[in-house]
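Going line by line, the protein sequences match chains E and Z.
Numbering-wise (the working numbering), the first sequence opens with residue 1 and increments by one.
Numbering-wise (the working numbering), the second sequence opens with residue 1 and increments by one.
Some hints could be false.
Pairs of lysine-lysine, DSS-like flavour, derived with a Cα cap of 30 Å [said to hold, decoys possible]:
1. E:LYS415 to E:LYS155
2. E:LYS459 to Z:LYS48
3. E:LYS459 to E:LYS155
4. E:LYS459 to Z:LYS40
5. E:LYS459 to E:LYS323
6. E:LYS90 to E:LYS458
7. E:LYS152 to E:LYS178
8. Z:LYS48 to E:LYS415
9. E:LYS458 to E:LYS415
10. E:LYS415 to E:LYS402
11. Z:LYS48 to E:LYS458
12. Z:LYS18 to Z:LYS40
13. E:LYS90 to E:LYS152
14. E:LYS315 to Z:LYS48
15. E:LYS155 to E:LYS90
16. E:LYS415 to E:LYS152
17. E:LYS415 to Z:LYS40
18. E:LYS155 to E:LYS402
19. E:LYS459 to E:LYS415
20. E:LYS90 to E:LYS70
21. Z:LYS40 to E:LYS458
Incomplete in silico selection of chain Z near chain E, CB under 7 Å [what the hints assert, rightly or not]:
22. TYR43
23. LYS44
24. ALA46
25. GLU47
26. ARG93
27. ILE96
28. ARG104
29. LEU107
30. ALA111
Hint data in this document are derived by calculation from the structure and do not stem from the laboratory.
Don't be surprised by glycine CBs; every beta carbon is placed ideally from N, CA and C.
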Amino acid sequence: MTLDAPFHDRTEYLPAASYRLLPFRFGRFDDHRYLLTNDVGEYVLLSRNDLVAFVEHRLDRGDGAYRALKSRHFLFDERSRVALDLLALKYRTRAEGVASFTGLHIFVVTLRCDHSCHYCQVSRQTEDRLHFDMTPAHADAALELTFRSPSKRIKIEFQGGEPLLNFDLIRHVVERGKEINRTHRRDLRFVIASNLSRLSDEVLSFCRTNGVYLSTSLDGPEDLHEAQRPLRGGHSYRTTTDNIRRAREALGPGFISALMTTTPASLMRVEEIIDEYVRQGFHSIFLRNLSPYGFAARTNLLRRCTIEDWIEFYKRGLARILKINAGGYPLREEFTSILLQKLFSPTGSNYVDLQSPAGIGIGAIVYNYDGSIYASDEGRMLAEMGDASFRLGHLDSDNYEKMMTSESLLSVLDKSMPEGAPMCNDCPFLPYCGADPVFHRVTQGDPVGHKAFSDFCKKQMATLRYVIGLLESDAGVRGTLLQWI
Amino acid sequence: MPIDEHVKSGINGSELLKFRDGSVRLEVDMRCYRLSAVQKVAYKLAEKCTVVLGGVDVTSLPITFLFPPATSEAVALDVIRLFFQDLLDQELREQIAEETRPLRALLLAHAFSKTNLIRRE
Numbered sequence: 001m002t003l004d005a006p007f008h009d010r011t012e013y014l015p016a017a018s019y020r021l022l023p024f025r026f027g028r029f030d031d032h033r034y035l036l037t038n039d040v041g042e043y044v045l046l047s048r049n050d051l052v053a054f055v056e057h058r059l060d061r062g063d064g065a066y067r068a069l070k071s072r073h074f075l076f077d078e079r080s081r082v083a084l085d086l087l088a089l090k091y092r093t094r095a096e097g098v099a100s101f102t103g104l105h106i107f108v109v110t111l112r113c114d115h116s117c118h119y120c121q122v123s124r125q126t127e128d129r130l131h132f133d134m135t136p137a138h139a140d141a142a143l144e145l146t147f148r149s150p151s152k153r154i155k156i157e158f159q160g161g162e163p164l165l166n167f168d169l170i171r172h173v174v175e176r177g178k179e180i181n182r183t184h185r186r187d188l189r190f191v192i193a194s195n196l197s198r199l200s201d202e203v204l205s206f207c208r209t210n211g212v213y214l215s216t217s218l219d220g221p222e223d224l225h226e227a228q229r230p231l232r233g234g235h236s237y238r239t240t241t242d243n244i245r246r247a248r249e250a251l252g253p254g255f256i257s258a259l260m261t262t263t264p265a266s267l268m269r270v271e272e273i274i275d276e277y278v279r280q281g282f283h284s285i286f287l288r289n290l291s292p293y294g295f296a297a298r299t300n301l302l303r304r305c306t307i308e309d310w311i312e313f314y315k316r317g318l319a320r321i322l323k324i325n326a327g328g329y330p331l332r333e334e335f336t337s338i339l340l341q342k343l344f345s346p347t348g349s350n351y352v353d354l355q356s357p358a359g360i361g362i363g364a365i366v367y368n369y370d371g372s373i374y375a376s377d378e379g380r381m382l383a384e385m386g387d388a389s390f391r392l393g394h395l396d397s398d399n400y401e402k403m404m405t406s407e408s409l410l411s412v413l414d415k416s417m418p419e420g421a422p423m424c425n426d427c428p429f430l431p432y433c434g435a436d437p438v439f440h441r442v443t444q445g446d447p448v449g450h451k452a453f454s455d456f457c458k459k460q461m462a463t464l465r466y467v468i469g470l471l472e473s474d475a476g477v478r479g480t481l482l483q484w485i
Numbered sequence: 001m002p003i004d005e006h007v008k009s010g011i012n013g014s015e016l017l018k019f020r021d022g023s024v025r026l027e028v029d030m031r032c033y034r035l036s037a038v039q040k041v042a043y044k045l046a047e048k049c050t051v052v053l054g055g056v057d058v059t060s061l062p063i064t065f066l067f068p069p070a071t072s073e074a075v076a077l078d079v080i081r082l083f084f085q086d087l088l089d090q091e092l093r094e095q096i097a098e099e100t101r102p103l104r105a106l107l108l109a110h111a112f113s114k115t116n117l118i119r120r121e
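Sequences are here, hints too, so could you generate the full structure?
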């Protein structure tokens, strides 16, 4: 507006009968508001009256709701010159990751482990059973497949069992992987997911030389960690925390991270668990719920730690974390960070378990100790329970083309896409959610699953509702949360 | 309009709404709702009850809600209220989908027209 034209033309204030709706989804958010979202992840909260007025083209141009809806691509009018172009660009940006698929390659270098965690999801084996180790020949074959993935960023994650029990193979894969990458020139990273009990000076020196990250488990204060993660010979807490300190000193603070698993024993202790992470100098924590695989599924742990229990645990935990941040100590909750990336980042999040199409095969591939190839880490856990639905092939007999075009992968990716799944396709949380066919296969016997009975769906809806509620209700909290993206 | 009035306006003979033998039977006025909307809402309620849809004619659709054993009348009628609340939302969704379908197709086509996702022979 210029001095020559100090007032808007009166037509500015006429009801905008000419606007058009752009595609969107909606659902009840709370007692008073509806959540509207679109395919590019924008959202608006409206009263039902405003929602109905919007859909019936009765919103006034001067209305706050009109401006919010227009600026976030829920409507366009004759003044929206680039609305469709911009929306298409945002959609393409959000979907472009699908074309450069499989960034995570998991090498299960051994199933042997020296811990006997009650909730172990991978059906570990005792330390003496060497035939549960991956062979160098299988590791080489797996590396060859890894570099067939078009992804520019490749992360090789060593898992177990306890992967450091087969450190020689880890060394071989890292060295050989770097050699191959001289030709491929990908952004190549390595992570060892370890309980750290075998973190020798030799391992630390190797990690430092090769920029290898460490990811460990810390379940909380000493008594809780000891009870949940018993180590043969005892002292699992002291072993873990001493080695966290050593790793941090040797590699730098950014090279060691930890996550926890929620069990019935942790449910009432979320504040203590979070305080333990602060005491150990961490600036992030992943409040992880129990998964229905391995020993966790065979025992009654899941019945004593339901998803509703975990949701309450998460809410209390997040409150504690926000309070710690308000006190000046930066601490991030990782699952919330993923949701926030989905809410606000133009490219969403690359977290494998929340992708559409699902992350199986195209988000992650698992090379198991015995040469079997699985479409996800949970897929191999399911196979240990006797269901090989997500087995893509074997390193001895199957090539990359056969593996990636197998009907067992493509048909599940196709069927489980939330955009076409009953209930999901109308859900306002869809842009921030994903498909988890392995979870639905194990809990309902079907990779799509009925979402009315789905704990995955309950968790996503409850956490997203809670996080959006926090973002909308408190400017200070919003400021903290937005720093986590 | 309060929800009870919505319920009455959408059900033929709503004053007869009764919870008997663990079930509620009613008829939905099909001049108010699309069959696809009724089907989607029925699917969504699966955790609370089983919804059996009868033969549809031009104006009405008989529906039976079968509740799990030990469901009280109050809980059952609350589910019926939820059904009609969701039905109104679902009708709105069907209306939006109808209006925006060509635009959604255009947007997707436009979004992917400048990618190399489709390899041209």
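Honestly, which of those hints from before does the structure not fit?
-> none
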